[in-house]
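Protein chains: 2
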Amino acid sequence: MNQEIQTRIDRLRSGDARALARAISTVENRAAGWSELLKALFPHTGKARVIGLTGAPGAGKSTLVDQLAKHYRKENQTVGIIAVDPTSPYTGGAILGDRIRMQDHYSDPGIYIRSMATRGSLGGLARATADAATVLDASGRDLVMIETVGVGQDEVDIVRLADVTVVILVPGMGDDVQTIKAGIMEIADIFVINKSDREGAERVEREIRAMQSLAARNDHWTPPIVKTVASEGVGTTELAEAIANYEAYLKEENLVFKKNVENWQERLVEMLRDAMLEKARAQMGGSIERYAAEIAEHKRDPYSLVEEIVRALATTT
Amino acid sequence: MNQEIQTRIDRLRSGDARALARAISTVENRAAGWSELLKALFPHTGKARVIGLTGAPGAGKSTLVDQLAKHYRKENQTVGIIAVDPTSPYTGGAILGDRIRMQDHYSDPGIYIRSMATRGSLGGLARATADAATVLDASGRDLVMIETVGVGQDEVDIVRLADVTVVILVPGMGDDVQTIKAGIMEIADIFVINKSDREGAERVEREIRAMQSLAARNDHWTPPIVKTVASEGVGTTELAEAIANYEAYLKEENLVFKKNVENWQERLVEMLRDAMLEKARAQMGGSIERYAAEIAEHKRDPYSLVEEIVRALATTT
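Chains as they are written, first to last, in the numbering used here: chain A, 29 to 345; chain B, 29 to 345.
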């Protein structure tokens with residue numbers, strides 16, 4: 029490892045917030061040295077508890093995460109928050125929301141908030157989030173919370189790298205549980221019904237229970253349902269307990285390592301896909317527009333072309 | 029091309045619904061011969077108009093698509109519908125909804141409906157949808173409609189292969205336009221406000237207009253806003269006109285080929301990514317669990333490993 033990277037890592041691990049921000053930017057933007065940095069950080073990872081939280085827009089996720097952060101700060105734990113907000117660039121919701129939150133925690137260096145926004149890249153956001161979590165973990169944060177808005181495949185990809193996944197529902201949002209998409213219900217280790225003082229909270233609970241009765245999990249854990257009113261701080265302690273209970277369960281049942289291996293299998297495939305795509309793009313280089321034009325003119329079929337490129341890639345160094 | 033594939037294609041192009049269903053299954057499941065089939069079908073493609081429609085759950089998309097299908101049938105055009113429904117496997121919504129719709133059109137061979145559901149694969153649904161659209165196009169359908177539920181990156185990936193993209197909004201769904209995610213507002217060639225007899229339709233329209241004033245499109249098209257009440261057939265003709273207007277605009281401005289080339293560039297990258305991933309997975313083969321375990325034990329860093337695999341792949345045939 030070169031001296032410059034060692035210096036960066038020393039500063040990062042001493043708690044320097046600017047070094048932390050810079051390191052996350054480096055890996056997020058794939059700036060010069062990003063790969064060497066991650067390799068050098070890796071030995072320092074694996075200590076942070078990583079909690080993923082997701083739910084539909086308007087479910088009160090940010091407020092809940094803030095409450096949790098305050099809870100953990102009272103226990104003297106340091107917290108890193110990655111807020112993945114794929115709000116439209118038109119509305120700028122991510123930036124505004126983030127500024128307000130930053131002010132709130134401004135005086136506490138024990139909480140570090142970083143927001144990430146969709147850039148329309150192919151699967152790039154999940155990878156960028158994972159890398160940012162790695163940096164926060166290596167920096168010595170006790171807890172890393174990854175919050176993401178939405179209930180689609182994007183969110184599944186993002187939160188499944190967490191050790192514990194919390195899915196947040198609210199009463200009275202249209203068809204409730206029915207509109208939650210494939211994958212999200214399945215990845216919940218804990219359900220939260222936020223704004224649970226509203227009408228319909230019992231119905232949401234019944235629907236979750238009904239779905240749970242249809243399919244047992246491989247690890248035999250039954251995700252608990254925690255009711256919260258995040259705006260008033262109600263239920264935060266119960267949620268923190270539920271998270272701790274699940275972590276304890278994983279330890280008791282010797283599932284920590286198994287889960288870790290499963291996570292890494294998925295991440296490896298994703299990392300490999302990204303790396304291969306990069307290589308393939310480089311291979312096609314400036315030809316891609318010409319290829320696309322030839323396909324659009326029906327002079328070439330895309331299926332044979334892709335086979336040719338993959339073959340060619342395998343025979344060059 | 030071998031005789032068996034030629035026979036399949038002849039049957040498919042003669043309008044045989046069973047041959048059509050079988051061909052879609054072959055490419056969707058990557059069953060034996062899928063690649064040869066697509067190569068052989070490609071010369072027959074490029075004639076169908078491909079229309080993508082997306083919107084939040086509950087926006088009345090299926091009803092609108094049905095109305096459009098009836099409209100085009102009156103003009104004696106044949107229609108293929110691909111309903112991409114990433115509903116949770118728990119709820120089984122896709123299957124039920126599809127059966128009801130199938131019955132409705134049962135007597136008309138001019139309408140073919142195919143539903144696709146999320147299978148949790150990495151980007152596999154967009155690819156499967158594109159391949160199914162290719163089969164429908166090659167089979168001689170005049171129109172292919174791709175409808176998808178939701179407003180996330182999944183849906184962007186799925187509908188952007190269409191020639192015309194319709195985004196469906198409804199009044200009174202929470203924060204309306206604010207909750208529409210990155211990418212969706214940008215890809216709309218036409219906006220529909222469905223259930224426009226409800227309170228709040230004007231507000232949605234104002235919000236769309238406000239967003240449009242912030243960002244001009246590269247092709248200088250201003251997406252029109254069509255108000256519909258799909259359950260009563262109101263606005264269907266106007267929507268069909270708006271679609272035809274946009275198609276005419278693309279022709280007048282000589283943008284058809286350009287758009288086609290851009291679409292193929294994106295699809296090529298996606299196809300290449302899938303092909304490379306398959307190759308990479310095969311390369312790792314049974315080692316992936318061992319690798320993941322070594323990473324989980326911190327005996328190996330994942331970043332170096334991926335580099336090694338990509339390097340190794342480039343030197344083997």
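Any given hint could be a false lead.
Since the list can't tell identical chains apart, any single copy or any two copies may satisfy a pair.
Capping the alpha-carbon separation at 25 Å, the derived lysine to any residue pairs in SDA-like fashion look like this [to be verified]:
1. 75 / 141
2. 307 / 339
3. 327 / 290
4. 287 / 91
5. 287 / 37
If you are wondering where the hints come from, they were derived from the structure by calculation, not from laboratory data.
Bear in mind that the values here come from a model prediction, so they are computed numbers and not experimental data.
Consistency of the hints with the structure:
1. 75 / 141: within (19 Å within a copy, 51 Å between copies)
2. 307 / 339: both (13 Å within a copy, 10 Å between copies)
3. 327 / 290: between (44 Å within a copy, 16 Å between copies)
4. 287 / 91: neither (29 Å within a copy, 43 Å between copies)
5. 287 / 37: Classified as neither: same-chain Cα gap 28 Å, cross-chain 47 Å, threshold 25 Å.
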